[in-house]
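Asker: Letter by letter, the chains look like this.
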Amino acid sequence: MSLRSALLNVSRSIEQQQPWPRIVVDADTWRQAVLGIAAGEATLAALWAERRTVHLALTEADGSLLVLSLPCPEGRFPSVGLTHAAGQRPERTIRDLYGLVAEGAPDERRWLDHGRWPVREPLGQAAKHDRSGDRYEFLRAEGPPLHQIAVGPVHAGIIEPGHFRFSANGEIVVRLEERLGYVHKGIDALLAGAELEQATRLAARVSGDSTVAYSLAFARAVEAALGVAVPQRAIWLRALMAELERLANHLGDFGAICNDAAFSLMLAHTGMLREEVLRASKAAFGHRLMMDRVVPGGVTADLADPAPIRAVLASIRARFPQLVELYDETASLQNRTVSTGWLAPDLAQRFGAGGPVGRASGRAFDARRHPGYAPYGELEFDVVTRTDGDVDARIWVRIDEITQSLRLIDQILAHLPAGTLRNPVNVSSTDRLVPQAGGLRNEPAEHCVEGIALVEGFRGDVLAWVRLDEEGRIDACHLRDPSVFQWPLLEAVIENNIVADFPLCNKSFNCSYSGHDL
Amino acid sequence: MRRLLLQGLFRRPVTEAPPVIDAEIAALTAELEAKAKRHLGRSLSIREVDAGSCNGCELEIHALNNSYYDVERFGLRFVASPRHADVLLVTGPVTANMREGLERTYAATPAPKWVVAVGDCGANCGVFKGSYAVAGAVSDIIPVDLTIPGCPPEPAALIRGLISLVEASDR
Numbered sequence: 001m002s003l004r005s006a007l008l009n010v011s012r013s014i015e016q017q018q019p020w021p022r023i024v025v026d027a028d029t030w031r032q033a034v035l036g037i038a039a040g041e042a043t044l045a046a047l048w049a050e051r052r053t054v055h056l057a058l059t060e061a062d063g064s065l066l067v068l069s070l071p072c073p074e075g076r077f078p079s080v081g082l083t084h085a086a087g088q089r090p091e092r093t094i095r096d097l098y099g100l101v102a103e104g105a106p107d108e109r110r111w112l113d114h115g116r117w118p119v120r121e122p123l124g125q126a127a128k129h130d131r132s133g134d135r136y137e138f139l140r141a142e143g144p145p146l147h148q149i150a151v152g153p154v155h156a157g158i159i160e161p162g163h164f165r166f167s168a169n170g171e172i173v174v175r176l177e178e179r180l181g182y183v184h185k186g187i188d189a190l191l192a193g194a195e196l197e198q199a200t201r202l203a204a205r206v207s208g209d210s211t212v213a214y215s216l217a218f219a220r221a222v223e224a225a226l227g228v229a230v231p232q233r234a235i236w237l238r239a240l241m242a243e244l245e246r247l248a249n250h251l252g253d254f255g256a257i258c259n260d261a262a263f264s265l266m267l268a269h270t271g272m273l274r275e276e277v278l279r280a281s282k283a284a285f286g287h288r289l290m291m292d293r294v295v296p297g298g299v300t301a302d303l304a305d306p307a308p309i310r311a312v313l314a315s316i317r318a319r320f321p322q323l324v325e326l327y328d329e330t331a332s333l334q335n336r337t338v339s340t341g342w343l344a345p346d347l348a349q350r351f352g353a354g355g356p357v358g359r360a361s362g363r364a365f366d367a368r369r370h371p372g373y374a375p376y377g378e379l380e381f382d383v384v385t386r387t388d389g390d391v392d393a394r395i396w397v398r399i400d401e402i403t404q405s406l407r408l409i410d411q412i413l414a415h416l417p418a419g420t421l422r423n424p425v426n427v428s429s430t431d432r433l434v435p436q437a438g439g440l441r442n443e444p445a446e447h448c449v450e451g452i453a454l455v456e457g458f459r460g461d462v463l464a465w466v467r468l469d470e471e472g473r474i475d476a477c478h479l480r481d482p483s484v485f486q487w488p489l490l491e492a493v494i495e496n497n498i499v500a501d502f503p504l505c506n507k508s509f510n511c512s513y514s515g516h517d518l
Numbered sequence: 001m002r003r004l005l006l007q008g009l010f011r012r013p014v015t016e017a018p019p020v021i022d023a024e025i026a027a028l029t030a031e032l033e034a035k036a037k038r039h040l041g042r043s044l045s046i047r048e049v050d051a052g053s054c055n056g057c058e059l060e061i062h063a064l065n066n067s068y069y070d071v072e073r074f075g076l077r078f079v080a081s082p083r084h085a086d087v088l089l090v091t092g093p094v095t096a097n098m099r100e101g102l103e104r105t106y107a108a109t110p111a112p113k114w115v116v117a118v119g120d121c122g123a124n125c126g127v128f129k130g131s132y133a134v135a136g137a138v139s140d141i142i143p144v145d146l147t148i149p150g151c152p153p154e155p156a157a158l159i160r161g162l163i164s165l166v167e168a169s170d171r
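Top to bottom, those sequences are chains A and B.
Residue numbers for the first sequence, in our numbering: 1 to 518.
Residue numbers for the second sequence, in our numbering: 1 to 171.
It is possible that part of the hints are untrue.
Which residues of chain A face chain B? A few of them, derived with a C-beta cut under 8 Å, are [stated by the list, open to error]:
id : residue
1  : His-114
2  : Gln-125
3  : Asp-209
4  : Ala-301
5  : Leu-303
What follows is a set of in silico ranges between Cβ atoms, one per label pair, in the way DEER data are often shown [to be verified]:
id : chain 1 : residue 1 : chain 2 : residue 2 : range
6  : B       : Glu-103   : A       : Arg-317   : 42 to 50 Å
7  : A       : Ala-156   : B       : Leu-5     : 24 to 32 Å
8  : B       : Ala-80    : A       : Val-338   : 41 to 49 Å
9  : A       : Gln-148   : B       : Glu-100   : 50 to 58 Å
10 : B       : Arg-2     : A       : Glu-491   : 14 to 22 Å
11 : A       : Gly-372   : B       : Pro-13    : 42 to 50 Å
12 : A       : Gly-286   : B       : Val-14    : 48 to 56 Å
13 : B       : Ala-107   : A       : Leu-139   : 24 to 32 Å
14 : A       : Glu-41    : B       : Pro-13    : 27 to 35 Å
15 : B       : Val-79    : A       : Gly-115   : 48 to 56 Å
16 : A       : Arg-310   : B       : Asp-145   : 39 to 47 Å
17 : B       : Asp-145   : A       : Gln-148   : 32 to 40 Å
Here chain A is said to cover these stretches of chain B; the calculated rule only asks that three of the stretch's residues, wherever they fall, bring their Cβ under 8 Å from a Cβ of chain A [claimed, not checked]:
id : segment
18 : 43 to 56
19 : 77 to 84
20 : 139 to 150
These are calculated hints, taken from the structure and not from any lab test.
We put the beta carbon where it would ideally sit given N, CA and C, even for glycine.
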């Protein structure tokens, strides 16, 4: 029996969450689930909280999800990170935001809270704080030849802020420690209590490069919660936008990784292709990044004319193979990427690394296939994997996914159904009962509806969980970026590489800061 | 590689000059070239600072360097250190956690310096307004000379903004 079925059997109650169940468990079941995850029986898909409750989402190989909820009236819960390292940073986040303490947690340092907010535990006690800033103790690496290199939060390039602390022995990195949280904008708090429309706009701005993926994940979660059907044409247009987004980002990343090996020729060429995809997206949907085009109930923009998209596909097909050949045949470039930044398949598996990071280390997980969602069941595409786990493998996965996206867009354009774009989202259902008076806002009301969705963005699987109250407002919502489980792995892959290879490793991961920091 | 490089030598550059949809950009870039030269001599060095953005603005600022826009041909250069910069291009609602980083970056930039707040968030915190984790719009933290709204502003809007900055700095 799978861990998931075993947990479903022992659960005390099953909440009305669509399309996958959420069960309320006690501390013992919670511990058993964590042990099961640590033993590899399931993958930790998300770990988040609301006031006095922690939630843990797990996935099995077929992509089916299960959410465990542990009420913590005492403000404590058994640590996940103690037995399963991937849980450590989410736990630190939960403590910073809600004040819920992971008992036995191996790392008790604050994570997103740098001591700069006007309050501590903003979603818990919300005790006033003087914003003086906290001292942060980095992990130690000791010995006479070691020196530290501090990088960030303001970096040299046009990128997001974060701090990297290297301990190096000459050129060799002995330890890298990340300190993130610089772009924490309090998204969980902004979402709680927001009107659906406002929440939709927020979800689209969690990570601007993945705006379609986030909008799609959020919309699917809301639609699942409210039982809203989406018109066929909208479903297909969403997939079209998602693949254009993947195409643009993978093209940019391919060039940018090569550029970090000082091979700027590649970036010059892929930069043009990327720009052409963005222009086609604008021509097709009215916005270069297609922001706010996917909303609960459908889409807000129709594809009037597929010609610009067909033109960009033809252009990429004509020019991209030459760039792949250039990459494959340039020994000086390969010298930098092959065997650099090796991610052990076992580690990718344990952390549930999604996207090209996981797939380049043999983890064949793609939310479009498992659990799968429309219209991908009707489309032919391959989930591309590699097993080498180095920078080179992560480049090749992107190259192959570009080809797959081209293939998908062809099929979508060929079979795009006609019809309406958007169904009304009935937010305040009259047949629901009147809520009881009193109770805290963050406490689940009896008449709330919940939905969860897993969507494949260009970085990996984006998870959205949402609970709507009887007015159709957001009661609670959590959006989990794939980077949450990829960032810690970057620390692992850089070990024993030279400092100069860090940009390559980092860019080959291309984790999101904003999506992680929320 | 030889083939690609030769192609590059003999092919007409993609860099915007042709009109059709991009006439506006071509005109803007020509105007910018003249102004940047007149007021700032050879070049204008830009340091981009993400003070809390969703990364959307960064993508479009990046695009300024692609071959279609290629702002470097006008002497507009993105530099790695605020010490080398004339202009800070700041994005995002300034988060509480990035406030000091932004202030220190501003302090490290030698005068004369200009600050451009980019995007709706840089202008007024956008959808993140009111959060405990947001310290304010860029102008709440450091003096701002110009705001380029948009979510995110398109490259053409960014170029247009840089022109008006050069105009303003003349006064």
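Asker: Now look at each hint and say whether the structure bears it out.
Answerer: Now for the hints, and whether the structure bears them out:
{"no.": "1", "hint": "His-114", "result": "holds (5 Å)"}
{"no.": "2", "hint": "Gln-125", "result": "violated (13 Å)"}
{"no.": "3", "hint": "Asp-209", "result": "holds (5 Å)"}
{"no.": "4", "hint": "Ala-301", "result": "violated (15 Å)"}
{"no.": "5", "hint": "Leu-303", "result": "violated (18 Å)"}
{"no.": "6", "hint": "Glu-103/B with Arg-317/A: 42 to 50 Å", "result": "holds (49 Å)"}
{"no.": "7", "hint": "Ala-156/A with Leu-5/B: 24 to 32 Å", "result": "holds (27 Å)"}
{"no.": "8", "hint": "Ala-80/B with Val-338/A: 41 to 49 Å", "result": "violated (28 Å)"}
{"no.": "9", "hint": "Gln-148/A with Glu-100/B: 50 to 58 Å", "result": "violated (20 Å)"}
{"no.": "10", "hint": "Arg-2/B with Glu-491/A: 14 to 22 Å", "result": "violated (40 Å)"}
{"no.": "11", "hint": "Gly-372/A with Pro-13/B: 42 to 50 Å", "result": "holds (44 Å)"}
{"no.": "12", "hint": "Gly-286/A with Val-14/B: 48 to 56 Å", "result": "violated (24 Å)"}
{"no.": "13", "hint": "Ala-107/B with Leu-139/A: 24 to 32 Å", "result": "holds (30 Å)"}
{"no.": "14", "hint": "Glu-41/A with Pro-13/B: 27 to 35 Å", "result": "violated (57 Å)"}
{"no.": "15", "hint": "Val-79/B with Gly-115/A: 48 to 56 Å", "result": "violated (31 Å)"}
{"no.": "16", "hint": "Arg-310/A with Asp-145/B: 39 to 47 Å", "result": "holds (43 Å)"}
{"no.": "17", "hint": "Asp-145/B with Gln-148/A: 32 to 40 Å", "result": "holds (37 Å)"}
{"no.": "18", "hint": "43 to 56", "result": "holds (count 9)"}
{"no.": "19", "hint": "77 to 84", "result": "holds (count 4)"}
{"no.": "20", "hint": "139 to 150", "result": "violated (count 0)"}
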